[in-house]
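A.B. asks: Got chain A sorted already, so can you dock chain B onto it with the hints?
Protein chains in written order, with the numbering used here: chain A, 1 to 152; chain B, 1001 to 1181.
No lab work stands behind these hints: they were computed from the structure.
Yeah, the Cβ is synthetic: ideal placement off N, Cα and C, and Gly gets one too.
Worth double-checking, as some hints may not be accurate.
Restricting the straight-line Cα-Cα distance to at most 20 Å, the calculated cross-link-like pairs of lysine to aspartate or glutamate (DMTMM-like) are [said to hold, decoys possible]:
1) A:K103 to A:E121
2) A:K56 to B:D1153
3) A:K134 to B:E1009
4) B:K1065 to B:D1038
5) B:K1161 to A:E58
6) A:K56 to B:D1038
7) B:K1050 to A:D127
8) A:K149 to B:D1038
Under 7 Å between C-beta atoms, here's a sample of chain B residues computed to sit facing chain A [as the list claims (entries may be wrong)]:
9) A1022
10) F1023
11) F1029
12) I1041
13) G1042
14) L1045
15) S1113
16) T1116
17) T1120
18) I1126
19) D1130
20) Y1166
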Amino acid sequence: MPAFKKRKANTSQEIPTASMPDIVFILLIFFMVTTVLREVTLKVKIDFVHAKNIQKIEQKRLVSYIFIGPEKLKGNKVGNTAIQIDDAIINDKSNIRQIMYDKLMAQPKLVVSLRVDKNAEMGVVTDVKQELRKAGTLRINYSTKPYPKGQI
Amino acid sequence: MFLEKRTKEEPEIPSASLADIAFLLLIFFLVTTTIDIDTGIGLVLPPPPKPNQKPPPIKQRNMLKILVNQQGNILVNDKPASVNEIQQKAVNFIDNFGKDPHLSESPDKAVISLKTDRKTPYRIYIHVLDKVKGAYAELRNQRARQQYGQPFDKLPSSKQKVIKKYFPEKISEAEPDKGAS
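With the rest of the complex left out, here is chain A (with noise of 0.2 Å):
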């Protein structure tokens, strides 16, 4: 009579992958969702700004953008300021205003991200402003990127 029978469990050992597609794909879903596919080409050239009291936008769906730092050019050279919207450089500052008119009728609670180059003259940034205000998109947020760790 054996009287130490090695025991063993009945149930199997196998761990079951039956529902890891399903596992897969709601990770796969929450990633498409977040994922911003269009990015911008940038014809202009940005240097942020830094600064410390800034917030965060939370809602990127809302934002929409405005660059304005000196244009790119062949060469690694820049030219003068330039102001970008979407993908085109905008010559006739005039044209911001409807534009930006068009955007916030498809968007009502738009907000306007300025990119500027840390540079660049107040004088362009208050032009875009004014044409801001008359298209009525009053929410601005300037750009700025947080201090690095260990400047101030």
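C.D. replies: Frame of chain A, contents of chain B only:
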């Protein structure tokens, strides 16, 4: 001959590779996702002025005038100042409650006016704006600690509203001068 029994095949799509396909897609989206949060200084512009509309009267003492010229030099109420002094000056100005006859009567009435030249570098303007925002943040934080014993950003939004009402952000950007360029 026609009544011959056919062997029935179960119609099935092979689903063994489904997980692999999903994984591939998952990895693609994992790689392309950028979770970088946009940060910036938020402002609300005033609506465009109606023609013939005069600016509302503001008492001299209730306005802190900050002027930045094209070299980036700063005047606060006609006295030269450095960027680092602005926050303290703004705090003193807003948090005065009529004590000093040259500073504001109450935070509710205090307006900070920011005026720049067309040639002022954007960098300096943002630094100044940052300090003014910092002054409001400092005061709100102080008030939140006094009233609720917690820093401002830890408070629920209903209590934040109370404090925001107490210290409303009144930053005015002067109408640009016409003609001068």
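A.B. asks: All the hints need checking, so say for each whether the structure fits it.
C.D. replies: Each hint, compared with the structure:
1. For the hint pairing K103 of chain A with E121 of chain A, the CA-to-CA distance comes to about 26 Å; that exceeds 20 Å, so the pair is violated.
2. Using a Cα cut-off of 20 Å, the hinted pair K56 of chain A and D1153 of chain B holds, with the two alpha carbons roughly 13 Å apart.
3. Taken as a hint, the K134 of chain A and E1009 of chain B pair is broken in the structure, with Cα atoms around 70 Å apart against an allowance of 20 Å.
4. With a CA separation close to 30 Å, the supplied pair K1065 of chain B and D1038 of chain B exceeds the 20 Å bound.
5. A C-alpha spacing of about 18 Å is found between K1161 of chain B and E58 of chain A, which places the hinted pair at or below 20 Å, so the restraint holds.
6. With a C-alpha separation of about 6 Å, the suggested pairing of K56 of chain A with D1038 of chain B holds against the 20 Å cut-off.
7. The hinted pair formed by K1050 of chain B and D127 of chain A meets the criterion: a straight-line CA distance of about 18 Å does not exceed 20 Å.
8. With a CA separation close to 18 Å, the supplied pair K149 of chain A and D1038 of chain B stays within the 20 Å bound.
9. The criterion of a C-beta within 7 Å of any C-beta in chain A is met by A1022 of chain B, whose closest approach is roughly 4 Å, and the hint holds.
10. Interface hint at F1023 of chain B: satisfied, since its Cβ lies 6 Å from the closest Cβ of chain A, which is below the 7 Å cut-off.
11. Because the smallest distance between the Cβ of F1029 of chain B and any Cβ of chain A comes to about 4 Å, under 7 Å, the interface hint for this residue holds.
12. Because the beta carbon of I1041 of chain B sits about 5 Å from the nearest beta carbon in chain A, less than 7 Å, this interface hint is met.
13. For G1042 of chain B, the interface hint holds, since its Cβ comes within 7 Å of a Cβ in chain A; the closest pair sits about 5 Å apart.
14. At a threshold of 7 Å, the smallest CB-CB gap from L1045 of chain B to chain A is about 4 Å, leaving the interface hint in force.
15. At a threshold of 7 Å, the smallest CB-CB gap from S1113 of chain B to chain A is about 14 Å, leaving the interface hint violated.
16. The restraint placing T1116 of chain B at the interface with chain A holds, with a minimum CB-CB distance near 4 Å, inside the 7 Å limit.
17. Interface hint status for T1120 of chain B: upheld, as the beta-carbon distance to the closest one in chain A is roughly 4 Å, under 7 Å.
18. The interface hint given for I1126 of chain B holds, since its Cβ lies 4 Å from the closest Cβ of chain A, which is under the 7 Å cut-off.
19. The restraint placing D1130 of chain B at the interface with chain A holds, with a minimum CB-CB distance near 4 Å, inside the 7 Å limit.
20. For the restraint placing Y1166 of chain B at the interface with chain A, the shortest Cβ-Cβ distance is roughly 18 Å, beyond the 7 Å limit, so the hint is violated.
The structure shown violates the earlier hints numbered 1, 3, 4, 15, 20.
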